[in-house]
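A.B. asks: Residue numbers (numbering that gives the first Met the number 0), protein chains in the order written: chain A, 0 to 90; chain B, 0 to 90; chain C, 0 to 90; chain D, 0 to 90; chain E, 0 to 90; chain F, 0 to 90; chain G, 0 to 90.
In case anyone wonders, no lab produced these hints; they're calculated from the structure.
Any given hint could be a false lead.
As the list claims (entries may be wrong) - In the BS3-like style, the derived pairs of lysine-lysine whose C-alpha atoms are separated by at most 25 Å in a straight line are:
no., chain 1, residue 1, chain 2, residue 2
1, G, LYS67, A, LYS65
2, D, LYS51, E, LYS12
3, B, LYS12, A, LYS65
4, B, LYS65, C, LYS12
5, C, LYS67, D, LYS12
6, E, LYS65, E, LYS12
7, E, LYS65, D, LYS67
8, B, LYS65, A, LYS67
9, B, LYS65, C, LYS65
Being a predicted model, the structure only gives us computed values, none of them experimental.
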Amino acid sequence: MNLILLGDRVAIKPLVNEEKTKSGIVLSGQKKENSQQAVVVAVGQEVTMQIKLGDKVVCSNYAGTKIKLGEEEYIFVTQNDILAVIDEVRS
Amino acid sequence: MNLILLGDRVAIKPLVNEEKTKSGIVLSGQKKENSQQAVVVAVGQEVTMQIKLGDKVVCSNYAGTKIKLGEEEYIFVTQNDILAVIDEVRS
Amino acid sequence: MNLILLGDRVAIKPLVNEEKTKSGIVLSGQKKENSQQAVVVAVGQEVTMQIKLGDKVVCSNYAGTKIKLGEEEYIFVTQNDILAVIDEVRS
Amino acid sequence: MNLILLGDRVAIKPLVNEEKTKSGIVLSGQKKENSQQAVVVAVGQEVTMQIKLGDKVVCSNYAGTKIKLGEEEYIFVTQNDILAVIDEVRS
Amino acid sequence: MNLILLGDRVAIKPLVNEEKTKSGIVLSGQKKENSQQAVVVAVGQEVTMQIKLGDKVVCSNYAGTKIKLGEEEYIFVTQNDILAVIDEVRS
Amino acid sequence: MNLILLGDRVAIKPLVNEEKTKSGIVLSGQKKENSQQAVVVAVGQEVTMQIKLGDKVVCSNYAGTKIKLGEEEYIFVTQNDILAVIDEVRS
Amino acid sequence: MNLILLGDRVAIKPLVNEEKTKSGIVLSGQKKENSQQAVVVAVGQEVTMQIKLGDKVVCSNYAGTKIKLGEEEYIFVTQNDILAVIDEVRS
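Could you put the whole structure together from the sequences, leaning on the hints where they help?
C.D. replies: As C-alpha cells, this is what we get:
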C-alpha cells in the first residue's frame, strides 16, 4: 500500500524503545512506546521543510491524527507539528 | 441523482470491511464500518489537490458533515480534511 | 414580500417529505421535515458560487439562522454553508 | 438627538406587531415585539451594502448591542448582521 | 496630568445622570451612572474615525478597560468600541 | 544585568504608592502596589509606538507575563498592552 | 545527538539554580529549577530575532513543549515565546 499524502502532511510511526537492563539484556514484553520520537514514513508534496523519508523526528504527544491502516498505526501530522529532526550521523 | 459539490468540498462514502475468518470465509452480518477509509464519490470544482472520483482516501473520524440522501449516507468534507490517497496500484 | 439578500447570503426553505407507504399512498398528517435538503428562495448579490433560485441544495442541519416572515419560515445561510446542489435533471 | 454612526454600524428599532384577531380587531395591551424585523434609523458612513434609512430589515435575534437613549431603545448592529432588506413595494 | 493615548485608543468618562422628578427637582444622593453614554477625554494618534475631545458618545457596557488615575476613573476603549457620536447641536 | 527585549515587547515595573495620611505622613509598612501604573524599564527593537525608557505608563491589570529576575519583578507586555503614557511634565 | 530545529523553533534548557546560604555554601540536594530563565541549545533556520546558541533567555513558564531526549529534558518554543535575552556581559 502506497500513501500519497496531501498538502503539507507527514505520516510518522512512533519509535518503540525496547527496555534493556544496564547489561544490555532486552526485557521482552516490556516494549514501551516513546511517543515523542518517530520515524517519517510518508511526506506530502507541499512539505517545504527539511523532512525526508526515514528521518527520525521529534513531535509533541498531542499533535496529529492516529490512523490504523491494515495492521499498522500511523500518525498524520502537518509539517509544523514536527519540532526537530534528530541527526544521529552528524552528532 | 447528481451532486454538484460547491467550493473545495469532497463527498466520500466510508468503506465497509467485511470481516473474514483467516481462511477467507466472510462472516455475514458482521460488516464493520471502517470510518477512516472512504471512497470519493463527488469532487467540487475548486478542489486543487490530487483527489479524483473513485480514489480510496484516508480521513479523520471527526471530519465533515454526514448527509443522508435517499438511502445512501455520505460524508461531506473539504479537501483539507483528506489526509492521504491510498494508491493500491502502485504499492 | 420580496427579500433583497445582503452579501453572500442565501435564503432556503427546508424540503418536507411526505411519507408514503410502499404502494404510494400518502399518509397525511405525517409530513416529516428533511432538514438537510432545501430549496433556494433568494440569493444575495455577492453569491459567486453555482447557486440559483429554485435549486435543490444540501446543507448541514446546524448552519444558518431561522427567520419567520409572515407564516413562512426561512433559513438564512451564507453560500459557504451550502454543501452541494442536487442536479435531478442530469442524474 | 442626532446619531452619527461610526464605521459600518447600523442602528435599528425592532418592529412591534400589534396582535389582531382574525376579524382585524386590535387587541390593545398585547403588543408583541417581533425582534427579527426592524426599521433602520441610522446608517454609518462606511456602510457599503444596500441599506437605507427607513428600510425594513431582517436580523438575527442575537446580533448587536441594545442601547437605551432617552426613552427609546435601539439595537446597534454592523452591516453584516443584517440578513436581508424586505422590499414591500416591489413584492 | 496629561494622557498620551497609544494607537487607536480613546479614553472616555461615563456620563452621570442626575435623577430628577418630573417637575425638575434634582434628587441629590441619587446620581446614577449611565454607563452607555460617555464623554471623550483623550484620543490616540491613530484614531481615524469621527471622534473628537468632548464628544458625547455611545458605547457598549462591556467594552474597554477601567483605569483609575488619581481620583478619576476612565474607560479606555479602542475606536471600534464606540458605536456612535451623539450630535446634540444638529439634532 | 541588561535585558535585550525581543520583538515589540516592553518591560515595565509597577509603581508602588506609599500610603500617606492627609497631612503627608508616610505610613511605612503599608506600601500598596498600584498595578495599573508602571515605569518602562526596557523596550524591544520593534516597538514603534511612543514609548521610551522611564516613561510612566498605564496598563491593564491583566496584561503581560510576570518575571522575577534576581530580586526584582518585571512585567513583560507587548506595546499594544500599553494604553497610554502619562505625561506629567506637560500636564 | 544533533537537533535540526524546524521553522522558527528554539530549544532551551531551564537554568537550575543551586541554593546557597548567604555565606556562599551550596546546599546540595536543594537544586531548584528556575523555569523562567533558560539557555538556548538549538536554533531553527527561520529564527530571525536576536537569539544565538548559548544565550541566556527569559521565557514564560507556560510556553512550549517539554521533550525528553535520552536523559535530557528540553523545552521547544518558538522565537516569539522568548521574551528577552539576558546580556550579562554588557550589564
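A.B. asks: When the structure is checked against the list of hints, which entries are broken? Sort them ascending.
C.D. replies: 2
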